[in-house]
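J.: Please build the complete structure, drawing on both the sequences and the hints.
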Amino acid sequence: MSLLLDRGRLAAFRAGNARVLEQVYYAYLPELTGYLDRGFTFRSGAQIFRFRGFAEPFDLNNAVQETFLRAFQESARAAYDGISPFRVYLLTIARNLVIDQLRKREVATVRMVEVEGGEDGAGSVLGELEPDSGTAEDDLLIQEMAGLYQEFVAGLDEREATFFRARFERELSGLGVAREHGLTRMQMRTLENKLRDRFLKFMQSKGYLEHYERSKT
Amino acid sequence: MTSCAQFHPMIDSLVAGRLARDEWRTLHEHAAGCGACRDRYNRTVLAARMLAGGPAAARRQLPVEAAGIARFVMASTRPPLGERVRRFLLRPRFTFAVAAAAAAAFVLMLRPRPPAERWNARGGAERAVAVRAFCLTEDAVTALDPAAQPPRCPATAQLKLAATNRARRARVFLVGVDSAYRVKWYAPRPPETASVPFPGGGASDEPVGGAIQIGVNHRPGPLRIYGLFSDKPVSADEVRAAVSDLERRRVAIDGAERLPLGRTDVDAVSLLVEIAP
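Quick mapping for you: the protein sequence lines, in order, are chains L and V. Taking our numbering, the leading residue of the first sequence gets 356, the next gets one more, and so forth. Taking our numbering, the leading residue of the second sequence gets 1080, the next gets one more, and so forth.
No lab work stands behind these hints: they were computed from the structure. Incorrect hints may appear among the rest.
Unchecked claim - Not everything, but these chain L residues come out facing chain V in the computed CB check (under 10 Å):
#, residue
1, P385
2, E386
3, D392
4, L424
5, S430
6, A433
7, D436
8, I454
9, E524
10, E526
These numbers were taken from a predicted model, which means no experiment stands behind them. Idealized CB from N, CA, C, for every residue including glycine.
T.: Laid out in structure tokens, this is it:
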């Protein structure tokens, strides 16, 4: 359901009320991020292309930022009719932004492929793709970083590795993990902090997050 | 020349959620055109995402990333400072007040101008020259007019000054003095030392100078803002000497409506505001 169906909220949105803009931002951020991450298909003349999505955090963050900047411009807020779902309005802005960037070659054209005889987004005007549409080559950097992560976990003893996976990978609750490992809450916190520090030190030894500790204090 | 090394701490600050809004913009503008910094950005963010959820979280935006974008977008959505002040001044009740002030000023302009300092302790717009101060917070612009007792602005806010110059003096000098006789230079700002040309001819409520970040060099307490309108420049040395004179005579700033410049060709006004902690 569109957040802006409420007339009062819509009026505040159009007036640029900071609180409402923030509500809208956080309400639609996950969908927008998913859309720009997965990519979409679009038609250009007689051809159908597939934009493979932004695989890297920087590109994705930039596109999300630019989309919201455009959507929250005074003229764009005024132009939104309040009848059609805001989601469609926002994703259309994102789609136009990416197509513009592809035309201007601001986005590497390697992220765009022609779809041979394909369907244009299975009938969706936004050409939305399924979550598994990414390719292996998109994930090279992620695989590399995941390799480092696995290297770190492999260096832990069995108890620590189990705890680390449960707490940081599976994001299980602290209390549940503590019970499972026969730890008090205090012991669980101590181990968690110790492992986080070790992970940071490990990443720092590989040249990442060098300034993280300093900026944390 | 920009060194990439200066951006590395910013990237780490980003994933720690400690990147200021201006730094966010600087970093992203730089990384957009720098492959090495973009690569470092990507790897650092991925490392932080994995710490938050393992390899499965590699494509999941961190809350600090979302919050950083939000801060930047929200700030960009707000109208510029000058525009916010202009809108505030154009609100109907202020338009009426300005119209009334203009009528009063017109009557005053018809009267011969005495060749002496004229002081308007309340900063009201009934005089040919006036100074107003506006307190700008995240959510609102508030006029620090004497109707508020006293006009109060938090130290975390910004101050914007506007001047009315129906006397059509060529120059204006805006300066603040706090209770410890510390001088705050608003217009001119150092290294300039002479009063600045009035920006808007005979306009009323014409913004003068940029926004003032109060917290940078103001302390909580009373602050008197003096507006000195003249055709011949007023110098910073003259202002310093006048403030020293006040201090020597132990005249409390709350009551120091006059700045003893010793000049007869200056139209002067002052406004007392309170900087709140």
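J.: Evaluate each hint against the coordinates.
T.: Hint by hint, here is what the structure shows:
Nearest Cβ of chain V to the Cβ of P385/L: about 8 Å, under the 10 Å cut. The hint holds. A hinted interface residue such as E386/L counts as satisfied when its beta carbon comes closer than 10 Å to some beta carbon of chain V; here the least separation is about 12 Å, so the hint is violated. The restraint placing D392/L at the interface with chain V holds, with a minimum CB-CB distance near 6 Å, inside the 10 Å limit. The beta carbon of L424/L comes within 6 Å of a beta carbon in chain V, closer than 10 Å, and the hint placing it at the interface holds.
At a threshold of 10 Å, the smallest CB-CB gap from S430/L to chain V is about 12 Å, leaving the interface hint violated. With its C-beta approaching chain V no nearer than about 13 Å, A433/L sits outside the 10 Å limit, and its interface hint is violated. The interface hint given for D436/L is violated, since its Cβ lies 20 Å from the closest Cβ of chain V, which is over the 10 Å cut-off. Interface hint status for I454/L: violated, as the beta-carbon distance to the closest one in chain V is roughly 19 Å, over 10 Å.
About 3 Å separates the beta-carbon of E524/L from the nearest beta-carbon of chain V, less than 10 Å, and the hint is met. Contact between E526/L and chain V, as hinted, is supported at the beta carbon level, the nearest pair being about 6 Å apart and thus within 10 Å.
Checked against the numbered hints given earlier, this structure breaks hints 2, 5, 6, 7, 8; the rest are met.
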